[in-house]
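S.K.: Same order as they appear, the protein sequences are chains A and B.
All the letters of the first sequence, read from the start, carry residue numbers 1 to 95 under the numbering used here.
All the letters of the second sequence, read from the start, carry residue numbers 1001 to 1495 under the numbering used here.
For the record, the hints were derived by calculation from the structure and aren't laboratory data.
Ideal Cβ placement from N, Cα and C applies to all residues, glycine included.
Hints are not guaranteed to be accurate.
Stretch by stretch, here's where chain B covers chain A in the computed footprint (C-beta under 8 Å, at least three residues) [stated by the list, open to error]:
{"#": "1", "stretch": "46-53"}
{"#": "2", "stretch": "70-80"}
Only pairs whose alpha carbons sit at most 20 Å apart, straight line, appear in this in silico DMTMM-like list of lysine to aspartate or glutamate [claimed, not checked]:
{"#": "3", "chain 1": "B", "residue 1": "Lys1070", "chain 2": "B", "residue 2": "Glu1029"}
{"#": "4", "chain 1": "A", "residue 1": "Lys92", "chain 2": "B", "residue 2": "Asp1350"}
{"#": "5", "chain 1": "B", "residue 1": "Lys1259", "chain 2": "B", "residue 2": "Glu1060"}
{"#": "6", "chain 1": "A", "residue 1": "Lys83", "chain 2": "B", "residue 2": "Asp1334"}
{"#": "7", "chain 1": "A", "residue 1": "Lys92", "chain 2": "B", "residue 2": "Asp1334"}
{"#": "8", "chain 1": "B", "residue 1": "Lys1103", "chain 2": "B", "residue 2": "Glu1358"}
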Amino acid sequence: MALTKKEVEHVANLARLDLAEGEAEAFKGQLDAILSYVEKLKQLNTEAVEPTSHAIPVNNVFREDIIIQPLGQARALANAPDKADGCFRVPKVVE
Amino acid sequence: MLQGAEGGGIMEIYELTIQQLHDKLKKKELSSVEATRAVFSRIDSVENKVHSFVTISRDEALRQAQEADKRIAAGDMRPLTGVPIAVKDIFCTEGIRTTCSSKILENFIPPYDSTVVARLKKEGAVILGKTNMDEFAMGSSTETSYFGITRNPWDLERIPGGSSGGSAASVAASECIASIGTDTGGSIRQPAACCGIVGLKPTYGRVSRYGMIAFASSLDQGGPMTKDVKDTAIMLQVMAGHDGMDSTSVNTLIPDYSKGLSGNIKGLKIGLPKEFFIEGMDREVDDAVKRAVKEMERLGAEVVDISLPHTEYAVAVYYLIATAEASSNLARFDGAKYGYRASGVKDLLDMYKRSRAEGFGPEVKRRIMLGTYALSSGYYDAYYLKAQKVRTLIQKDFVDAFKRCDVIVTPTAPTPAFKIGEKTADPLQMYLSDIFTISVNLAGLPAISLPCGFTSGNLPIGLQIIGKGFDEETVLRAAHAYEQATEWHKRRANI
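Sequences and hints are given; from them, build the entire structure.
M.R.: Rendered as structure tokens:
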């Protein structure tokens, strides 16, 4: 099943990736090759098979609600590309 | 230079194993500062050829070595106290840059230690620096690193394997005493095989993933990469254990791994899966693995023919599940709180899209795209859910097989280390180099790779031993017994 260029652009938008000139075409070819390879899974009848999301089933892991030292504002902001007044700064979202 | 522990041979300090160095530190024949300096001078002389490291933390390491010497003098010595160790650049290290070999984290300095690193530090280990890897651990050759390739110490024209290629090469080139890596589809075992060292992927849940930058959360697992099996046992002892910071780490008994290395495999049942000995596999790899099995038989093990019928689907399942999980894990790199942000962005969406487009390399983008597609509306059932169901079948293959054997033995990789650039143009061919390691991650099992021979061109060949869940003890015992009966692990790359 071949992807269209439009589908590649749609997926890139979902993934929040800007595509450079010609990149959609390149991805289309590579993703097509991989998707046609994974088609082989269709050979298997899996109607009665439960899906596995984790190799080791671990459910409902609880711990005591203990107060611990938080990271702190200064350290949390230390790697920020842009910051102001003790906050992360990003381009304006609301006019 | 030193008298070798085996007696007679002359050995450089940097060539020592953990156990050998530990003994010398304990007997005060050597200090940790001396050992650390010796390793740094080795790094200074070979690093320009190999390029194992992204970041070298020399001053910090020497401070840690001084602290270790104080501990040793005070009689407070643990098995890793004073031992210089290299850490894959995927483990967060407080105050030391952690890049995951990506431009997007080029300047990221973690405010905390990963649990594994914290455990090493608590033992008094010396952290030499951060090793090169495929960007976000996505690759089998270390060629996708933003910081340049790493070369195989056995042949500088060849790849060291990946994604933990820098960790493997640093051990093989004696630029550290031991290292740690991570394994999502073979990223510890395949580079260990390519570089002629020992690498263990523990059972999923055995080692905490806290502070280990996530690629595919249901598959990722950290583990040791060392010069021999004994050292792997020593390292695993420190790395293993439940961690409240990782809700998938399992709270279960941890045996004494070194004590379990009895050398005795009489009556051990070794399963040979027919699907792993296939047409088209490299002849020298096939021969070496078969000879290794014969050797284990000679040591008293029994060979059982088994079948893992869904093996041929493992790569397809893996590339849907791992990329789906990656697409969601890597959504956090958005240019807002840390990491690279594109300049001159016009709005928030533009900031996300351009920061990610400029910050991620082509292989990472390809996998994010594939994973996003597999999870997207209309395709989820056909790809992601289907893959999860086949994962169940692969897991069941192992459950059935382990009713008849104690460990499963296979080649680690279908070929020895390939040439730099040989597979970069064809992503699918690159993915197929993990064909023998991937199903182990899907099933969550422990598996080791250790040297079992060399090709006529002097390239190392790796033997994989897979165990039952949480039975690293038997895997290590089998590997150790074979290793002690052979000489492969004593060979060092000549660079």
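S.K.: Hint by hint, which ones does the structure fall short of?
M.R.: Number 5 only.
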